[in-house]
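Enquirer: Given next are the chains, with one letter for each unit.
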Amino acid sequence: MKVTFRVPRFDAATDFTAKYQIYHVEVTPYTTILDALNIIKEEQDSTLAFRRGSQSGIDGSCGMMVNGRNRLASTTRVMGLNATEIALGPLPGFPVIRDLVVDFDSFFAKDAVMLPYLVTDIAKPEDGKERLQSPKDANRIALAATCNQCGCCTSACPVHWSNGEYYGPSALTRAYRFVEDSRDTAIKARLEIVGSETGVWRCHTIFNCSECPKSIPNGENIQALKRKIMLNKIGLGRIEVKVARTEATV
Amino acid sequence: MRQRYTSDVLVIGTGGAGLRAAIELHDQGLKVLLVGKRPKADAHTVLAAGGINAALATVDPEDTWAIHAADTLQEGRMLGDPRMVELLCQQAPQAIAELEAWGMPFARTSTGLIDQRYFGAHRYRRTCFVGDYTGLEIINALMREVERRQIPILERAYISDLLHTGNRVNGAYGFWLADQRQFVIESNAVILATGGHIHIYQRSSSRRRENTGDGMALGLHVGAHLADMELVQFHPSGMIFPHELAGTLVTEAVRGEGGQLYNRHGERFMQRYDAERMELSTRDRVALANYTEIMAGRGSEHGGVWLDISHMPASLIRERLPRMVEQFQAVGVDITREAMQIAPTAHYSMGGLKVDPFSHATNVAGLYAAGEVTAGVHGANRLGGNSLAEILVFGRIAGQHAAEYVRQHSEQPVQAAQIQQAAERLAWASQQAGDFQRSLIDQLQQLVWHGAGVVRNEQTLEASLDQLHTLRSQSQQRSVGPADLAASLDLQSMLLTAEATILAALMRPESRGAHQRSDFPATDPLWQRTIVIKPYRDQTEQLRLELTTELIPTASEDVQAAFNQQEYSVAGRLVE
Chain H
885 MKVTFRVPRF DAATDFTAKY QIYHVEVTPY TTILDALNII KEEQDSTLAF
935 RRGSQSGIDG SCGMMVNGRN RLASTTRVMG LNATEIALGP LPGFPVIRDL
985 VVDFDSFFAK DAVMLPYLVT DIAKPEDGKE RLQSPKDANR IALAATCNQC
1035 GCCTSACPVH WSNGEYYGPS ALTRAYRFVE DSRDTAIKAR LEIVGSETGV
1085 WRCHTIFNCS ECPKSIPNGE NIQALKRKIM LNKIGLGRIE VKVARTEATV
Chain A
2 MRQRYTSDVL VIGTGGAGLR AAIELHDQGL KVLLVGKRPK ADAHTVLAAG
52 GINAALATVD PEDTWAIHAA DTLQEGRMLG DPRMVELLCQ QAPQAIAELE
102 AWGMPFARTS TGLIDQRYFG AHRYRRTCFV GDYTGLEIIN ALMREVERRQ
152 IPILERAYIS DLLHTGNRVN GAYGFWLADQ RQFVIESNAV ILATGGHIHI
202 YQRSSSRRRE NTGDGMALGL HVGAHLADME LVQFHPSGMI FPHELAGTLV
252 TEAVRGEGGQ LYNRHGERFM QRYDAERMEL STRDRVALAN YTEIMAGRGS
302 EHGGVWLDIS HMPASLIRER LPRMVEQFQA VGVDITREAM QIAPTAHYSM
352 GGLKVDPFSH ATNVAGLYAA GEVTAGVHGA NRLGGNSLAE ILVFGRIAGQ
402 HAAEYVRQHS EQPVQAAQIQ QAAERLAWAS QQAGDFQRSL IDQLQQLVWH
452 GAGVVRNEQT LEASLDQLHT LRSQSQQRSV GPADLAASLD LQSMLLTAEA
502 TILAALMRPE SRGAHQRSDF PATDPLWQRT IVIKPYRDQT EQLRLELTTE
552 LIPTASEDVQ AAFNQQEYSV AGRLVE
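Residue numbers (the working numbering), protein chains in the order written: chain H, 885 to 1134; chain A, 2 to 577.
Heads up, a few of these hints could be off.
What the hints assert, rightly or not - Straight-line Cα separation of at most 25 Å, DSS-like style, residue types lysine-lysine; simulated pairs:
#: 1; chain 1: H; residue 1: K1013; chain 2: H; residue 2: K1098
#: 2; chain 1: H; residue 1: K1020; chain 2: H; residue 2: K1110
#: 3; chain 1: H; residue 1: K1008; chain 2: H; residue 2: K1020
#: 4; chain 1: H; residue 1: K925; chain 2: A; residue 2: K41
#: 5; chain 1: A; residue 1: K41; chain 2: H; residue 2: K1098
Calculated directly from the structure, the hints in this document are not laboratory data.
Sequences are here, hints too, so could you generate the full structure?
Expert: See the structure below:
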């Protein structure tokens, strides 16, 4: 089947506005958007710029807008879109460098603010072995830990579009992953960071971010952080409060 | 204006081995710079699904490092370097403890300890895991530690040459993939952690246009030696249809959970190859069996054999093999009801740069290497789960010894002439660059697949060597197409490493593990030797390869005592 791709061409170094370019690609039922882009680049136009990484949905390099939705190009099958015309675009809400490549510097800088590593004062066992963690506690962070920073969530967030200072769902899910880790003891510092002016309270519960290629419920994670902050404020932080959560099952 | 960076140690490659080495160097107080040709955290390590081996004896208290080493050496058909294997198995538990301390969300036992499961051909359960995305979590954990230490990373930067002077390396030269601006890196030592070369095969489990043998080629150009290049692991089960996905791995767990192999006539052909262990035989044996059936005309219309698990309850298949169900659903195959078509796929470079077993130094002063780019641990058949252990243990060791080297050797500033030479080579490559190079890469992959694939013989190898030389001269013709400098350099690295693989395969007159010669079907005990490849320049300054062999030292008494005296049953033990 022949499919038409409409791709914006833009180079921040030389252009003021984007032009659109049309490519025609013959696809099979198995061709992904990324396969189609590879075909364009290798057979039709080697100047087209886009990112690709694991090419199998693992590392999240190829986030882009596909017919109006943020998706990973490598896991989206062309025919699954039921369209013969497909509009591609760079992830919205970020400065475009070239064509489908956006500038993620601010995105990664926000992630770095979250202390994205284990901070703990639990002493290591003297025998040099591992700290204990129950399977239940390990499962609590399993899903959030798979975030590959593709940026589809933060780029889909209308609050982030209008307020570039907002940490955004991806960075907040990162914070959530460590707040929920039974081995981490920096919870107070972490809640202060996410509870700051540019943190969770900017979230208006639009939940675009929960449409995640890795099925991580980013919006729900942000609400869980809000609850944690409030419970801490009223002195119930240390009590296990059972709150119904809509976590996707792995 | 050319950009210039300086560091004590340059680490090339941002996969597991490179990140681990960088962390070690930083912790030793050195200035370290990481360079990768892809975005950070994007490396083949993330594709490693099954787990990481360490004899923690958590689940099976009888397990020891010596038994782990014995399993690794024996399954490697005694071509692994015992000194390196012993070091790996002794230090793997420490690597697990490190990862845990860095927040790795390991699967746990009911008592809170790190859980361990069986992997093919291991005597005990010693594989630690996080679901079926262990490699991704390892990269996540290491990347977080790199960020905590604020180690600088140059992303999407292609290294085209190592700089060396007076028999030691003193930096590297490269360019940014985005705009081809060039840069120089001055550094007192270099660690190569660039992965393997299996992209030389038409069908491989690597990603498109990745794993092109860059590190091995960089090493050869400054005189580093290679070893074991004829030993390439073929995984028995790669997808074969549709062609977009050909080569994509079908996990060993399908066979572990009871999957059966059939040929065109509906025969369970493993009876002919390993009647006792059947589908649960080792990777090299099953790959050979699949290949033989296909070549004998007993394969499917797409050139594969059938792997069938549909006799098991659908609910169990969905619970145990969710990713496989999904992977095949996407191509319209319901594996709970129908068979998959599979064929062997190139999976792992067991050969690579020859390094000192204790320091992971190459024979070039100041040049170190770690991970898949090195040879020595896996011998003629790699055990599942050992490669993730290898990158962490030897990433750290390479970092440690590079740090020691830097402390003992003063800096050797990069000379203008060195930069000139590297820039000239790039200019040369960009004249050859063009879309044309892609089709040469495709041709190279086909000739290596047919000439030095699962089964080789003198005829196929010689023929492929001839074709390789033709391709090389074609690749040096000027092109008028748009420049694709990276593709041009990739191709040169692939030609060089493919030549090494073909030459080494020609030299080994026996069949052993992953190296199967149809003209020498038996294993020759006299060939329990390592084939070493040394580069030299001929009169025309062309890089040539010279092959020699070396004896392999014997294992320590601890490990010899742990050698398995008889073949054991693997029923129910093959889970990846």
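Enquirer: Indicate, hint by hint, whether the structure satisfies it.
Expert: For each hint, the structure was consulted:
With a C-alpha separation of about 32 Å, the suggested pair K1013 (chain H) and K1098 (chain H) falls outside the 25 Å cut-off, and the hint is violated. Under the criterion of a C-alpha separation no larger than 25 Å, the hint pairing K1020 (chain H) with K1110 (chain H) is consistent with the structure, at around 22 Å. Distance restraint check for K1008 (chain H) and K1020 (chain H): the Cα-Cα separation of roughly 21 Å lies within the 25 Å cut-off, and the hinted pair is therefore satisfied. Between the alpha carbons of K925 (chain H) and K41 (chain A) the distance comes to roughly 23 Å, so the proposed pair stays at or under 25 Å and holds.
Taken as a hint, the K41 (chain A) and K1098 (chain H) pair is honoured in the structure, with Cα atoms around 19 Å apart against an allowance of 25 Å.
The structure shown violates just one earlier hint, number 1.
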